[in-house]
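I would like the entire structure built from these sequences, with the hints used as guidance.
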Amino acid sequence: VTSNSICAVHGLNGNAFDTWMADNGRMWLHDFLPKDPPFDRSRIMTFGYESTLVDTRKLTDRFEDYADQLIREIIRLRGSNPTRKRPIIFVCHSMGGLVARLAMTRMHSLPNKFKGLSLEECGILFLSTPHLGSLQADRSPFIVALGEGLVGLRTGVVKELQSFNASSVDNTDMFQAMKVKPVFQCFCESEPTRVLAKDRLVRHLILSKNFNNSVIGCNSSLSWVFESECREDIGYRSSYSL
Amino acid sequence: LTTYKRLVNTSLGLQEDTKTATITFQKQDEKKKAKQRKDKVTKLAEVDDRFLNLTVLYSPNDHDLEYGNIPSNVILSF
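Read top to bottom, the protein sequences are chains A and B. Mapping to the working numbering: the first sequence position 176 is 176, numbers consecutive. If you count the second sequence from 1, you need to add 242 to reach the working numbering.
If you're looking for bench data, these hints aren't it; they were derived computationally from the structure. Just so we're clear, the structure is a prediction, and the values are computed from it rather than from any experiment. Beta carbons are placed, not taken as given, at the ideal position from N, Cα and C, and that holds for glycine. Warning: the hint list may mix true and false statements.
Under the rule of at most 20 Å between Cα atoms (straight-line distance), these lysine to any residue pairs were calculated in the SDA-like manner [unchecked claim]:
| # | chain 1 | residue 1 | chain 2 | residue 2 |
| --- | --- | --- | --- | --- |
| 1 | A | K35 | A | S3 |
| 2 | A | K35 | B | P302 |
| 3 | A | K113 | B | N295 |
| 4 | A | K35 | B | S301 |
| 5 | A | K85 | B | P302 |
| 6 | A | K115 | B | N295 |
Sample of chain A residues with no beta-carbon within 10 Å of chain B, all distances over it, derived [said to hold, decoys possible]:
| # | residue |
| --- | --- |
| 7 | S42 |
| 8 | G123 |
| 9 | A137 |
| 10 | V169 |
| 11 | K181 |
Take a look at the structure:
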């Protein structure tokens with residue numbers, strides 16, 4: 001019998017599959033996790049949304065749309081009564097955590113809009129989520145406008161990721177003020193990840209009030225986990241044991 | 243002796259050839275791997291029309307499926 005659900009939410013420039021897949025085509029969510037109890041009794045899902053930084057198709061860059069879509073899709077799958085009471089864990093990478101966090105605050109503030117999923121049943125794993133933005137997204141307004149005009153940079157996404165941007169600060173406060181809050185845990189990397197052919201230690205602004213107590217430094221790079229090629233890989237094993 | 247060996251190797255182009263061949267092979271291998279990976283992702287993307295929704299990767303029992311609780315278009319079969 002299915003005991004719980006797991007829903008993966010990818011981050012910036014990712015997609016529902018590629019983010020969680022190793023070079024050899026193995027996806028730890030699909031190929032390894034179902035073989036490891038108690039996750040062999042979990043329904044595992046992956047959520048996809050438009051997360052590209054550059055796009056000329058004028059897509060929506062409103063995070064509310066992604067958050068609403070995430071909740072609606074989950075409610076759609078939880079049609080029967082037993083499935084409605086099933087706990088769900090969101091595994092969110094980077095910007096995906098912002099989408100999931102926004103989904104939680106929207107469920108809290110708009111309970112009538114999202115019937116079929118309650119906050120008590122939710123849990124979130126934030127993997128390197130920039131709760132208060134990231135210094136790496138801080139660029140001058142001129143450069144951002146230039147990027148938008150020249151290559152289709154999605155300014156809405158950039159603004160959501162800039163350090164101490166109003167939207168993130170407000171949503172962090174709202175999340176912390178919620179009476180019923182999902183169980184959550186933040187993880188940050190302590191080893192560099194290869195980004196654009198360079199090893200970088202991705203540091204986001206994740207420390208803040210209550211969040212401060214729940215940040216655990218993974219003794220690895222997150223790419224070790226996502227790009228684990230087999231179940232025995234140290235990245236996957238160490239994360240699984242956490 | 244080392245200088246002499248290096249000179250002979252360089253003049254015969256042995257060392258360089260081996261090195262170039264290795265690099266070419268590695269590049270071809272990487273390209274092949276990248277293509278395979280891209281093909282798989284593209285195939286997966288086709289299943290999930292616009293990449294904009296929820297896909298079930300694994301479900302331990304078929305009970306929900308039998309009762310139509312999971313629409314068939316969101317089940318991913320590898």
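Legend entry - Violating hint indices (sorted, rising): 7
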